[in-house]
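Novice: Single-letter residue listing:
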Amino acid sequence: MLSSIRTVWLVFLHMFKKRVTIEYPEKKAYLAPRWRGRIVLTRDPDHNERCVACYLCAAVCPTDCISLQATEDENGRRKPEYFRINFSRCIFCGLCEDACPTYSIQLVPDFEMGEYKRQDLVYEKEDLLIDGQGKYHGYNFYRVAGVAVGVKGKGEGENESAPVDRKKLVP
Amino acid sequence: MQIIFYIAALVAIVSTAMVITRKNAVHALLYLIVSLLAVSVIFFIMGAPFVAALEVIVYAGAIMILIIFAIMMLNLGQASEKREKEWLKPRTWIGPGILAAILLAELIYTLNSFSPSAHEQAIIDAKDVGMSLFSTYALGVELAAMMLMAGIVGAYHIGHEKQKEYHRYLQKEEKL
Amino acid sequence: MSETWIHILIIVCVLLGMVTIAAGLIYVERRMLAVWQERYGPNRVGPFGIFQVMADMVKIFFKEDWIPGFVDRKVFIVAPTIIMITTLLSFAIVPFAPGIVVANLNVGILFFLAMSSLGAYTIVLAGWASNNKYSLIGGLRGAAQMISYEVFMGLSLMGVVILAGSFNMTDIVMAQKGMWNVVPQFIGFVIFFIAGLAETHRLPFDIPEAESELIAGFHSEYSGMKFGMFFVGEYLGITLVSAMTTVLFFGGWLGPSFLPPIVWFLIKMFAFILVFVLLRASLPRPRYDQLMSWGWKILLPLALLNLLVTGAIVLYNQ
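Chains as they are written, first to last, in this note's numbering: chain A, 1 to 171; chain B, 1 to 176; chain C, 1 to 318.
Among the hints, a few may not be true.
[As the list claims (entries may be wrong)] Listed next, the stretches of chain C that the computed footprint assigns to chain B, with coverage defined by at least 3 CB atoms under 8 Å from CB atoms of chain B:
| hint | region |
| --- | --- |
| 1 | 69 to 79 |
| 2 | 98 to 112 |
| 3 | 120 to 127 |
[As the list claims (entries may be wrong)] Stretch-level coverage of chain C by chain A, calculated; a stretch enters the list once three of its residues show a Cβ under 8 Å from a Cβ in chain A:
| hint | region |
| --- | --- |
| 4 | 26 to 38 |
| 5 | 272 to 285 |
[What the hints assert, rightly or not] Some chain B residues judged to face chain C by a derived CB distance under 7 Å, without partners named:
| hint | residue |
| --- | --- |
| 6 | Ala53 |
| 7 | Ile57 |
| 8 | Ala62 |
If you're looking for bench data, these hints aren't it; they were derived computationally from the structure.
The beta-carbon is built from N, C-alpha and C at its ideal position, and this holds for glycine as well.
This is chain A alone, in the form it adopts within the complex (with noise of 0.2 Å):
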């Protein structure tokens, strides 16, 4: 009987207490920068698309809401010839991000997405492409990788020696 009495005073306190809404649309609420929401695809330092096109956010992404289709340029530079994201079924778990060997697809903190129409969720990759380089800076895959497809040459890249010359390789 007491301590209901007490309940309902402190409850009664709670009037003068600061208010923990935050007012929505006026107010944004703070998201870090590493919130999972919408998803990205970034370009690197040169202005080109970072995605391989290696499938492996398709294979990772439990709701199997990625669905994309590899092509190569006339350097034989990989890239995606269509890239398509259903809203409506991913979950913003943020596996691709993990599985992405290039950085290339990103989760960034903007979940603003509604729709009237549910086809209007499914985004292409004029939707998903964006003009930065997103969370990840000064990375660039061709320039660390191996394999010359007309953003470097041969033995160019950051911490990569020279091609041996087979002919000068005498003991």
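Assemble chains B and C onto chain A, guided by the hints.
Specialist: Leaving out everything else, chains B and C in the frame of chain A:
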């Protein structure tokens, strides 16, 4: 006042007739409640507001709700309605109907033979009721109180449950 | 002739005023609950969200009024009207200020008790007519709860009646000129308020609806304005019990003369309405058997004892 009395009386008679003829038990009870309310209006007009209020509180409010409570538990469905329909054939109700009609005729005759001073507006309030209950009718009150006491003791005895000491899984099986 | 017109005016004012207050409580309750839970509550529609009431009303009026095929149609339709009618009728005997009372009955309190006991039918019939297990259980619980708590409600009020020597509400208010009844009848006040909570089946005693176990209980099958009637009926019940507490225990319209009597009445009434909301915000729902045993084993003896002591003291002083 006269008109209100006749309206209330008509409502009471019609609703009571509906109580008898309804097939669905809950519908019949609802008409009975309406009938009780009409009777309480009549009490009020006749100058007994205390009894009118008690009629609503005790009969319409408490007793009828208990009866509805019981009928709700019985879960009467279509089958009982059909059975009720079979029971309400003219053959079954003509006998009681004739007897009731004789009683009604007698009642009307006796009411007519009385002088019409029955409509005296002497308002009997709670104090008068209390005074007469505890002086003239003290014996009746005491008897009713004893009966209620017996009812309480009986209900306690029926509802009394032996305190179980163990959880039901831990209890020993009773030997047959 | 003019007296008749004034009387009709009073009736219309009480009727409209009470229904408006009951509808406004939708907003007040949500806002105050939010305040006690450190939120804002509805604050979008109009200044401070005050037009939330209109929005809710418009919504509930235009919802589909669906009567399921398996219900008992007539009883299903009648049930929600009972609570509105009985509660509005009860307001007839509440004296808001000197002279502002619809019916100055000499059995005022008994009329209030009679109407509140008829109000129990709304739950029982709604629960039965819905033809649904959960609704039926809600109806049964509601019937048991309301019948039990009517007993204590009546007994707790008899102390006040003994002190005033009358069932008339205006006489009871006038008898509190020297001292409000809450001082000599404190136990009666507490029991009446608890019984009032149970009678209006408000939280923490909302056992008939208990949304977490019975899925809104007796009104699970209702929709549209029929549901709205239950809703408004509940708020009317809160207003009624608050008004009755004010009249019976807190001196009705009496108060220092710098404010008109009706304002004093409304201030006290709204204070009790806020207490209702505060109790909803803070207390958990007891179990059904706890509620019943608490009522019969604690409140009933207390009410009888209170009645006995009050009667003895009044007799001794005579």
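Novice: Now tell me if each hint is right for this structure.
Specialist: So, going through the hints one by one against the coordinates:
no.	hint	in the structure
1	69 to 79	holds (count 4)
2	98 to 112	holds (count 5)
3	120 to 127	holds (count 5)
4	26 to 38	holds (count 4)
5	272 to 285	holds (count 5)
6	Ala53	holds (3 Å)
7	Ile57	holds (5 Å)
8	Ala62	holds (6 Å)
The earlier numbered hints are all upheld by this structure, with none contradicted.
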